[in-house]
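Protein sequences, first through last, are from chains A and B.
To convert a position in the first sequence, counted from 1, into the numbering used here, add 14.
To convert a position in the second sequence, counted from 1, into the numbering used here, add 14.
Check each hint, because a few of them may be wrong.
Each pair may be met inside one copy or between any two copies, as identical chains are not told apart.
[What the hints assert, rightly or not] In the DSS-like style, the derived pairs of lysine-lysine whose C-alpha atoms are separated by at most 30 Å in a straight line are:
| hint | residue 1 | residue 2 |
| --- | --- | --- |
| 1 | Lys35 | Lys258 |
| 2 | Lys113 | Lys136 |
| 3 | Lys147 | Lys56 |
| 4 | Lys101 | Lys35 |
| 5 | Lys35 | Lys192 |
To be clear, the hints were calculated from the coordinates, so they are not data collected in a lab.
Predicted model only: the values in this text are computed from it and were never measured.
Number of protein chains: 2
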Amino acid sequence: SINSCMEEWEALSNEYRSLEKLHQLYHAKLEEVNSLQQKCTKGISHQRYRLNIIKNSLRRLEKNMSESSQGDSERNALLQTDLIRRKAQLYEMENILPKPSGRYLKIILGGINVSILDKNEKFRYKDEYEKFKLVMSLLALFISLFNCLTNVRTMDVVHMFLLVWYYCTLTIRESILKVNGSRMKGWWRAHHFISTVLAGVMLIWPVGECYYAFRTQFMAFNVYISFVQYLQFMYQRGCLYRLKCLGQSHNMDITVEGFQSWMWRGLSFLLPFLFIGYAWEFYHAYTLYYLASHPSADWHVGTLSMLFLVLFLGNSLTTAATIPQKIKE
Amino acid sequence: SINSCMEEWEALSNEYRSLEKLHQLYHAKLEEVNSLQQKCTKGISHQRYRLNIIKNSLRRLEKNMSESSQGDSERNALLQTDLIRRKAQLYEMENILPKPSGRYLKIILGGINVSILDKNEKFRYKDEYEKFKLVMSLLALFISLFNCLTNVRTMDVVHMFLLVWYYCTLTIRESILKVNGSRMKGWWRAHHFISTVLAGVMLIWPVGECYYAFRTQFMAFNVYISFVQYLQFMYQRGCLYRLKCLGQSHNMDITVEGFQSWMWRGLSFLLPFLFIGYAWEFYHAYTLYYLASHPSADWHVGTLSMLFLVLFLGNSLTTAATIPQKIKE
Ligand SMILES: CC(C)(COP(=O)(O)OP(=O)(O)OC[C@H]1O[C@@H](n2cnc3c(N)ncnc32)[C@H](O)[C@@H]1OP(=O)(O)O)[C@@H](O)C(=O)NCCC(=O)NCCS
Ligand SMILES: CC(C)(COP(=O)(O)OP(=O)(O)OC[C@H]1O[C@@H](n2cnc3c(N)ncnc32)[C@H](O)[C@@H]1OP(=O)(O)O)[C@@H](O)C(=O)NCCC(=O)NCCS
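In isolation and in its complexed conformation, chain A is listed as follows (with noise of 0.2 Å):
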């Protein structure tokens, strides 16, 4: 009846009531956090500058240290390490502080803050990120696979939107990472820039002769890297997962000695694998050079071509990199 609705009114009024106050309490604290975080950001910002200046005076005095006494240059040398670790203290505080995005997300974005201030949150963040990474290759297999079997021009089609929306999604998500302090290279990101034109390029390039004496080298390449980014996300997800357990001081199952082999084993599987790859991306350059000479060749050609070989140098070149640095850590 009427009665019984009032009453059961009555009761969730007061609990509002309570809620009132609780969310009355949290616009406080809210707004306390805002000045709190501003605040430790600028004292942050100042230590910086005045580190630099203090660095800056010590390299001068240095110059001018060889007449100078031995108590003077050890000063200076603990002077340093303190310095340094300062730096990974300033660091280590701005985890839990937003950061500004940079120019390519604040135009995709607009000015929204997108860090993520808790480990865990992170975490799961990049989880998420490798996971998308291999449900999207897992399609492009299956799609490459049917188009390596077929030949269906809207499935061209389909594959190719699917391959721009796919790089462009990636860049997004990488910029987004990258303000949460990923300290992935920026060349895997401007990569990913150059497959979204690459792709663009290929979605536009009118069929013809010159299309279908790319076609089916270009499909299998497709089958290929798909397998090969299968490849890379057990080594990256392997990673990541034992990263995390590294952290987590309580954890005694991984010791940095069984990682570092962990991760040898991985990478000595993975790169082999990585660099056929960039053979073949070495190989599409060379094809599409000696086909841009063709008469009924149109500047997708020649663009495409250039397109590949930039990205086996670029590719071939970071993972070389990254060898050398990898057995110095």
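Since chain A is already given, all that's left is putting chain B with the ligands on it; use the hints.
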């Protein structure tokens, strides 16, 4: 000298210690805020759940009310308004709580939190969105003017690429606006999805007789649309700023009546231009429908015709529907 560096370092270290304390405080408060946030969100959804139960039992009561007393139906009516007011209060509370993204944003950006928890920031974000549209439509104006006067295939391609990218970016930004409580109608977001596809199909349409039969009219349409978008920008931005002033109670420059009269003047200036644009969309659909039976016509022609028809219908119905809705307000 090294001594002065040491002194500098000492002074800076003192500052660092207080920064460290501030940072610890911040960290603690941040976690507090997060847990309060979760509690509030839970409380709100619990309120919603029980409000719905009460509402349903009231509805059931109403049906059997005919024979019951006058007093009961009065109490019922009072309770109904209470329910509505409570819903508005809960909605107000949610303004400073993070909201989950929709499926589209989750796919593009991953599980990042795009809520803006500050009224001024929300305003700034919307303002920036309008400015972004303005800059892009000016750019599109120049390119389409250029394309009207010349006929360079590369520029056509650049134009279409720009449109694909632009509409794609708009859908992302609008989804973010939606999460942050914009009352933008679903159609406008759908409109930008469809426009993305439309520009994509234009992009891959092989040049030929049909393409050139349609090109001039399409380029002129683009010039016109850029101009209309400029008018629309002036209107939307005027609404935005005036609504902001209305929201600040200490600002007496503007009244609700003043806003309404301004809005109606703006709208009645804008609407004829909009409907001319929609008529043009219908005309495109019609032209393409006839071109589709041309012997050299590809699938692109029919598809484009369909897409323009959908745009025409959706735009005119949605825009027409806003007029009675605004009169009621
Ligand atoms: C060579 C390679 C295996 C090294 O991986 P790695 O051991 O993770 O390398 P690093 O230690 O330098 O990684 C640093 C960071 O960059 C990220 N990263 C490395 N390569 C990446 C790639 N290709 N794409 C995205 N992120 C990458 C890592 O995940 C790590 O992120 P984190 O800071 O958030 O933890 C890896 O770069 C790779 O797979 N490259 C080949 C990619 C390729 O060529 N693709 C085209 C298909 S042939
Ligand atoms: C008809 C029109 C002028 C009404 O605008 P309005 O007075 O702002 O309409 P409403 O009051 O319903 O707006 C509600 C919300 O939707 C937003 N909105 C309305 N139309 C929008 C559009 N076309 N694109 C994006 N957002 C829009 C408003 O900014 C407002 O946002 P807010 O809740 O964040 O303040 C507007 O919808 C319009 O310009 N439509 C034409 C768009 C068009 O046809 N473009 C294609 C080129 S011809």
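Hints versus structure:
1. Lys35 with Lys258: between (38 Å within a copy, 27 Å between copies)
2. Lys113 with Lys136: both (14 Å within a copy, 18 Å between copies)
3. Lys147 with Lys56: neither (37 Å within a copy, 33 Å between copies)
4. Lys101 with Lys35: between (41 Å within a copy, 17 Å between copies)
5. Lys35 with Lys192: Classified as between: cross-chain Cα gap 28 Å, same-chain 38 Å, threshold 30 Å.
This entry does not satisfy hint 3, going by the numbered hints stated previously; all others are met.
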